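Participant: Please take these sequences and the hints and turn them into a complete structure.
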Amino acid sequence: MHPFIHFGSLSLPGYGLSITFGAVLANVIAALMIRKRGEDWLDLILLEAYGLGGAFLGAKLLFLLVNIQKIDWSRIFEKEYFSGVMRGGFVFYGGLILAIIAVFAAAHFHKIDAMRYFREYTFLLPFAHAFGRIGCFMAGCCYGVPYDGRFAVTFPEDSFAPSGISLFPSQPAESVCLFIISAIILILQLTVSFRYSLELYVFLYGICRFFLERFRGDTDRGLYFGLSTSQWIAVLMVTASVIFYLYDRKKISSEEKEQDCVCPSL
Amino acid sequence: MGVASLVLGIIALVFGLIPVVDWIGIILSIPGIILGAIGKKKGMSCATAGLVISIIALVLSSILYIACIACASAAGAFN
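Those protein sequence lines, which keep their order, are chains A and B.
According to my numbering, the first sequence holds residues 190 to 455 in order.
According to my numbering, the second sequence holds residues -15 to 63 in order.
Simulated from the structure, these hints should not be mistaken for laboratory data.
On a predicted model such as this, the values are computed, not experimentally measured, just so you know.
We treat Cβ as the ideally placed atom computed from N, Cα and C, and that holds for glycine.
A hint or two may mislead.
Claimed, not checked - Per label pair, the in silico range of CB-to-CB distance:
| no. | chain 1 | residue 1 | chain 2 | residue 2 | range |
| --- | --- | --- | --- | --- | --- |
| 1 | A | D302 | B | V43 | 22 to 30 Å |
| 2 | B | P3 | A | S263 | 43 to 51 Å |
| 3 | A | H297 | B | I40 | 23 to 31 Å |
| 4 | A | S263 | B | I40 | 36 to 44 Å |
| 5 | B | V4 | A | K225 | 22 to 30 Å |
| 6 | B | V4 | A | H297 | 55 to 63 Å |
Facilitator: Given below as structure tokens:
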């Protein structure tokens, strides 16, 4: 809706501003929680920095790898062309994979319990992600299919979405889902000592994404056995979260049994 | 380590504010934050300043740099 936000003579891209605002706000909340608990906030900063570095590198490398044929390598030393390659295009899953590897490598190297941070601050991931989707709405990307019902949106001419057509509000819908997921995880963590926040986030987001994908109209989403790539990934996410949950439950119950067996002999 | 963080942070801040090369700001600010955090843990001088400036550089360059993947592909990355 607003690809650029104007502050006097200064124009800032709405997407960058929105996602950065979400990330900064999530970090402020995390910092306040860490301070209240008397933990070391530098550990979280370190993990985040490594994760960001990994995400940037992984997303860019996979993008270059996927598009290796399309890049004009004879022009790569031209300043403007190189900047264009560096500024445009990322592959999300490349970033995700290398970010996870980087975070766990950093945790091992600096002796930080990464899983504890993942579990305690997972609710901030969908929280920040929701702001990213608001950014998509501002830029007009990731738009929905043509739709005339309630809450339908029509984008102006300067956005990436087709202008003048009534569309499904896919970005605000996903944003609302992400805020709800964040709230559910936070409530569970505050009310009961919930240890499956990461699994629950992956499970709930997978389900939301699976259904919302049907209402996306931004790109030609190829179908494989009736499902799009993102839907297959959502299925994998849900399956993985259930497997991790069941594995952890089994591990805990076997540990409890072992303790029960040991106690009478003491 | 603290001085290295401060230097990286300042260079990242400068690059981060120049539209065409703002991505260099992101690349330099990340090691700046890592060195700043490690330096602060070890109580080194300049580490806090380096950490703060690197975080500011990362935030500012991110605002200018981050473009939606869909938008980037729509605009054509190699043109």
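Participant: Each hint should be assessed against the structure and marked as holding or not.
Facilitator: Results of checking the hints against the structure:
| no. | hint | in the structure |
| --- | --- | --- |
| 1 | A/D302 to B/V43: 22 to 30 Å | 27 Å, holds |
| 2 | B/P3 to A/S263: 43 to 51 Å | 26 Å, violated |
| 3 | A/H297 to B/I40: 23 to 31 Å | 29 Å, holds |
| 4 | A/S263 to B/I40: 36 to 44 Å | 38 Å, holds |
| 5 | B/V4 to A/K225: 22 to 30 Å | 42 Å, violated |
| 6 | B/V4 to A/H297: 55 to 63 Å | 37 Å, violated |
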